[in-house]
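K.L.:
Sequence:
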Amino acid sequence: MKKLTCYLLGQREKITVGALSILNFQQNFLRLPPNLKLRTRRIGVARNDIILLSKILDIPSCLPMGAILTSAWREAYFEDPLIQSSAELQLNARYSAYWLPVLMRIQNKTVIMLNLCFSGEEIRSIIRNMIDNRREVGTSVTLDCYGERSLNRLVRKVKERFKGTSVTFKETPKSVVVISDIVSIPLDSDKELIVSGFKNTCIDKKIRIQLAVVRTGMVVPVEEKKEKKRSLRFPWFS
Numbered sequence: 001m002k003k004l005t006c007y008l009l010g011q012r013e014k015i016t017v018g019a020l021s022i023l024n025f026q027q028n029f030l031r032l033p034p035n036l037k038l039r040t041r042r043i044g045v046a047r048n049d050i051i052l053l054s055k056i057l058d059i060p061s062c063l064p065m066g067a068i069l070t071s072a073w074r075e076a077y078f079e080d081p082l083i084q085s086s087a088e089l090q091l092n093a094r095y096s097a098y099w100l101p102v103l104m105r106i107q108n109k110t111v112i113m114l115n116l117c118f119s120g121e122e123i124r125s126i127i128r129n130m131i132d133n134r135r136e137v138g139t140s141v142t143l144d145c146y147g148e149r150s151l152n153r154l155v156r157k158v159k160e161r162f163k164g165t166s167v168t169f170k171e172t173p174k175s176v177v178v179i180s181d182i183v184s185i186p187l188d189s190d191k192e193l194i195v196s197g198f199k200n201t202c203i204d205k206k207i208r209i210q211l212a213v214v215r216t217g218m219v220v221p222v223e224e225k226k227e228k229k230r231s232l233r234f235p236w237f238s
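According to our numbering, the stretch in the sequence shown is residues 1 to 238, in order.
Since the hints were made in silico from the structure, they are not lab data.
Treat the hints loosely; a few may be bogus.
[Claimed, not checked] Using 27 Å as the maximum straight-line C-alpha spacing, the simulated DSS-like pairs for lysine-lysine come out as follows: (1) K109 - K157; (2) K191 - K159; (3) K159 - K205; (4) K174 - K206; (5) K191 - K163; (6) K109 - K159; (7) K199 - K109; (8) K159 - K199; (9) K109 - K55; (10) K37 - K14; (11) K109 - K191; (12) K170 - K206; (13) K170 - K109; (14) K170 - K159; (15) K163 - K205; (16) K55 - K37; (17) K199 - K163; (18) K199 - K174; (19) K199 - K157.
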């Protein structure tokens, strides 16, 4: 296997790859040519240790990382320069009690949670943490949701809990289909936290909620519909 790998890699020491993916949950050893270094901006692993994997990377040319996908988290990741440099983290599966404490401490700008739905209470905890600790413009957390009904109930409760305002985007996002009310939570005079539900396409079955810190001015308030008071009128009183 090692000879075949050496042959395929052409005896080159440094190789640029679009993405390095190691998704075997049980593989403990990688048989690679000695001194091989890979250049990449995207890494995908299952539960393998990313820090050990970094030994086969040409680190200076990989920084900053573009995206890292993992199904497991280690305490050392919070301090690792390679992981902390990544513009995007994709965290996959497991269960909410495993990932919630991690989400509360992560500082990477974009975090996408895959194949796991948090409860409404847990999502509100994540929002509170963003309000208190993650206020940089461009920061976003994207989470899966159970369904549109659940999503709309959640957005209403978020609006009530955090004294938010119903808003709409000045320019409709072209990359997604917004499927819920949009709520703005003020942070500072020049930025706000936007909470909205979306699908990637109209026929996409997967529903997500995004929490995003944006500059003030990207959304505008929506006039709330007021119920008209109805009065009973009888012809004989006219």
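K.L.:
Given the hint that K170 pairs with K109, does the C-alpha gap stay at or below 27 Å?
P.N.:
Answer holds: K170 to K109 is near 23 Å, not above 27 Å.
K.L.:
Has the given pair, K191 with K163, been kept, meaning a C-alpha gap of at most 27 Å?
P.N.:
15 Å, holds
K.L.:
Hey, K55 versus K37, does the alpha-carbon distance stay inside 27 Å?
P.N.:
Holds - the C-alpha atoms of K37 and K55 are around 8 Å apart, at most 27 Å.
K.L.:
CA of K163 to CA of K205, is that 27 Å or under?
P.N.:
Measuring from Cα to Cα gives roughly 30 Å; hence the hint is violated.
K.L.:
K199 and K157 were given as a pair; does the straight-line alpha-carbon distance stay at or below 27 Å?
P.N.:
21 Å, holds
K.L.:
Between the alpha carbons of K109 and K157, is the straight-line distance 27 Å or under?
P.N.:
Given that 27 Å is the threshold and the Cα spacing comes to 25 Å, the pair holds.
K.L.:
Are K191 and K159 close enough, with their CA atoms no more than 27 Å apart?
P.N.:
17 Å, holds
K.L.:
Are the Cα atoms of K199 and K109 separated by 27 Å or less?
P.N.:
Roughly 21 Å between the alpha carbons, so the hint for K199 and K109 holds.
K.L.:
For a C-alpha distance cap of 27 Å, please report whether K170 and K206 respect it.
P.N.:
It holds: about 25 Å lies between the C-alpha atoms, which stays within 27 Å.
K.L.:
Taken at face value, is the distance from the CA of K55 to the CA of K109 at most 27 Å?
P.N.:
25 Å, holds
K.L.:
Below or equal to 27 Å on CA atoms is what counts here, so check K109 against K191.
P.N.:
15 Å, holds
K.L.:
Does the alpha-carbon distance linking K170 and K159 stay inside the 27 Å limit?
P.N.:
20 Å, holds
Comparing the model with each earlier hint shows a violation of hint 15 alone; every other hint is respected.
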